[in-house]
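Line by line, the protein sequences give chains A and B.
Taken in order, the first sequence gives residues 706 to 939; the numbers are from our numbering.
Taken in order, the second sequence gives residues 706 to 939; the numbers are from our numbering.
There's no promise every hint is true.
Pairs involving identical chains hold if they fit within one copy or between any two copies, as the list cannot separate such chains.
Stated by the list, open to error - Lysine to aspartate or glutamate pairs mimicking DMTMM-like chemistry, simulated, CA-CA at most 25 Å apart:
1) Lys885 to Asp759
2) Lys871 to Glu881
3) Lys907 to Glu820
4) Lys926 to Asp755
5) Lys771 to Asp938
6) Lys914 to Glu820
7) Lys767 to Asp868
8) Lys807 to Glu905
9) Lys885 to Asp755
10) Lys885 to Asp739
11) Lys871 to Glu725
12) Lys924 to Asp755
13) Lys807 to Asp938
Source of the hints: derived by calculation from the structure; they are not laboratory data.
2 protein chains.
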Amino acid sequence: MPKNLIIASTSTIHGSGYLEYLLPELETFYKNTDTIIFIPYARPGGISHDQYTDIASKAFKKIGKKIIGLHIFTDTIEAIENAEGIFTGGGNTFVLVNQLYKTNILPALRKKIFEGTPYLGTSAGSNICGLTMQTTNDMPITYPPSFKTIGALPFNINPHYLDPIKGSTHMGETRETRIKEFHAHNTIPVVGIREGSWLEVKNQTIQLKGTPTARIFEKGKAPYEIDTGSILDF
Amino acid sequence: MPKNLIIASTSTIHGSGYLEYLLPELETFYKNTDTIIFIPYARPGGISHDQYTDIASKAFKKIGKKIIGLHIFTDTIEAIENAEGIFTGGGNTFVLVNQLYKTNILPALRKKIFEGTPYLGTSAGSNICGLTMQTTNDMPITYPPSFKTIGALPFNINPHYLDPIKGSTHMGETRETRIKEFHAHNTIPVVGIREGSWLEVKNQTIQLKGTPTARIFEKGKAPYEIDTGSILDF
Numbered sequence: 706m707p708k709n710l711i712i713a714s715t716s717t718i719h720g721s722g723y724l725e726y727l728l729p730e731l732e733t734f735y736k737n738t739d740t741i742i743f744i745p746y747a748r749p750g751g752i753s754h755d756q757y758t759d760i761a762s763k764a765f766k767k768i769g770k771k772i773i774g775l776h777i778f779t780d781t782i783e784a785i786e787n788a789e790g791i792f793t794g795g796g797n798t799f800v801l802v803n804q805l806y807k808t809n810i811l812p813a814l815r816k817k818i819f820e821g822t823p824y825l826g827t828s829a830g831s832n833i834c835g836l837t838m839q840t841t842n843d844m845p846i847t848y849p850p851s852f853k854t855i856g857a858l859p860f861n862i863n864p865h866y867l868d869p870i871k872g873s874t875h876m877g878e879t880r881e882t883r884i885k886e887f888h889a890h891n892t893i894p895v896v897g898i899r900e901g902s903w904l905e906v907k908n909q910t911i912q913l914k915g916t917p918t919a920r921i922f923e924k925g926k927a928p929y930e931i932d933t934g935s936i937l938d939f
Numbered sequence: 706m707p708k709n710l711i712i713a714s715t716s717t718i719h720g721s722g723y724l725e726y727l728l729p730e731l732e733t734f735y736k737n738t739d740t741i742i743f744i745p746y747a748r749p750g751g752i753s754h755d756q757y758t759d760i761a762s763k764a765f766k767k768i769g770k771k772i773i774g775l776h777i778f779t780d781t782i783e784a785i786e787n788a789e790g791i792f793t794g795g796g797n798t799f800v801l802v803n804q805l806y807k808t809n810i811l812p813a814l815r816k817k818i819f820e821g822t823p824y825l826g827t828s829a830g831s832n833i834c835g836l837t838m839q840t841t842n843d844m845p846i847t848y849p850p851s852f853k854t855i856g857a858l859p860f861n862i863n864p865h866y867l868d869p870i871k872g873s874t875h876m877g878e879t880r881e882t883r884i885k886e887f888h889a890h891n892t893i894p895v896v897g898i899r900e901g902s903w904l905e906v907k908n909q910t911i912q913l914k915g916t917p918t919a920r921i922f923e924k925g926k927a928p929y930e931i932d933t934g935s936i937l938d939f
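Isolated chain A, as found in the complex (with noise of 0.2 Å):
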């Protein structure tokens, strides 16, 4: 099957702008798109699908890519369909995953991606591209009909992944205990990308970009960490 997505832990890395260390990527990534169809159904912050449009169009104007956001079409089924390129930005997994379902446009997304059009996603919109939502970060704030997602990967994503704070005397879970007990109940891979860093999925091939290294956890092994440029093939 024909692939072709980006999957960055974040949008924006610590003292720059939207999208501003992805974009070099980008402008080959999407050199046979002029128009990208934006989901901002994550909505971070709680902005409005417009808002949230916005400041995706201004980052893509500097690559000189027109965005569009999804919520302005009647028939979203269609303009997936229609797609030459799809972005889906952060925010809360709930929300998107609750939205994807309720406008139906699960199986025409998975399509497109499995047809090869370009896919970026970033925090939530990567989440996504895993077999479930079961690794995100975020609140539960709206219920989804079910946290199965797209799989475009054979494993789930924790975004934002985060060491353990050295010194802190905080006693809430660490990231690492958080999906230690999500393997007391599943057996699904997860691969933890740290901000900076992406993978690139090129049709079978899945590769780690970027500058940090990811950490891999598999039921019943130790965690352990992948230097970038390493081909994901657990």
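Starting from the known structure of chain A, arrange chain B on it as the hints suggest.
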């Protein structure tokens, strides 16, 4: 309605044993109770119900109380109905709530709480005292039939409340941003209780106890702090 609850942010504070900081309080709280029914369903770190019950037993033995795990009863509803005292431990709120629905004990648990049976909750066990579990920090590692919880409080809890870490370069949402996103979709007030504090519910009075202040989030208002000793009556 008579009510008698301790709703704690955490079971354990840094550098101290399980429940240690709360034991003097619990000695008075459970003074008319020899035996406490322990709800171990949240399974912190994926440990078994038996293992978790052992941990709780050891702590309560220090104040002469006997702990019985709810999981050993054939008729769990009857066990709740007959309970002299109840304690729900922390762990994963999704796993806990899923099991509460699966065993069908929520109505009995609610009835007991509204009859004044002493109830202690820590972390996930505190979350379920709110109107919904939607301000948990946990990962959605199981899919519960609903996010509705006991509603012993007229608001939601965010346990292990965490202030933004000064100088952090991490771009993942802060706790405050997450709760703000909750209020983009919901009107329920949220009380962020920091580790080392708890809410004491005596009939209609809810009071903040312990050391740190708590942070209150009401939709459409700026978040604000309340001191220990404050009565929560918003």
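Indicate which option fits the pair Lys885, Asp755 if close means a Cα-Cα distance not exceeding 25 Å: within, between, both or neither. between (38 Å within a copy, 19 Å between copies)
25 Å Cα threshold - placement of Asp755 relative to Lys926: Classified as between: cross-chain Cα gap 24 Å, same-chain 44 Å, threshold 25 Å.
For the identical chains here, do Lys807 and Glu905 meet the 25 Å Cα criterion within one copy, between copies, both, or neither? neither (29 Å within a copy, 40 Å between copies)
Under a CA distance limit of 25 Å, which applies to Lys871 and Glu881: within one copy, between copies, both, or neither? Both, since 14 Å and 22 Å are each at most 25 Å.
Intra/inter-copy verdict for Lys885 and Asp739 if alpha-carbon distance must be at most 25 Å: Classified as neither; 42 Å inside a copy, 35 Å across copies.
Give the relationship of Lys807 and Asp938 under a CA distance limit of 25 Å: within one copy only, between copies only, both, or neither. neither (33 Å within a copy, 37 Å between copies)
Copy assignment of Lys907 with Glu820, given that the CA separation must stay at most 25 Å: within (12 Å within a copy, 61 Å between copies)
Under a CA distance limit of 25 Å, which applies to Lys771 and Asp938: within one copy, between copies, both, or neither? Neither: 35 Å inside a copy, 51 Å across copies.
Since the copies are identical, ignore which copy is meant and state whether Lys924 and Asp755 lie within 25 Å (CA to CA) inside a copy, between copies, both or neither. between (41 Å within a copy, 22 Å between copies)
If the cut is 25 Å between Cα atoms, do Lys871 and Glu725 qualify within a copy, between copies, both or neither? Result: close only across copies, 24 Å inter versus 29 Å intra.
Up to 25 Å between alpha-carbons, please classify Lys885 paired with Asp759: within, between, both or neither. Classified as between: cross-chain Cα gap 21 Å, same-chain 38 Å, threshold 25 Å.
If the cut is 25 Å between Cα atoms, do Lys914 and Glu820 qualify within a copy, between copies, both or neither? Answer is within; shortest intra-copy Cα gap is 23 Å, inter-copy 58 Å.
Checked against the numbered hints given earlier, the structure breaks hints 5, 7, 8, 10, 13 and satisfies all the rest.
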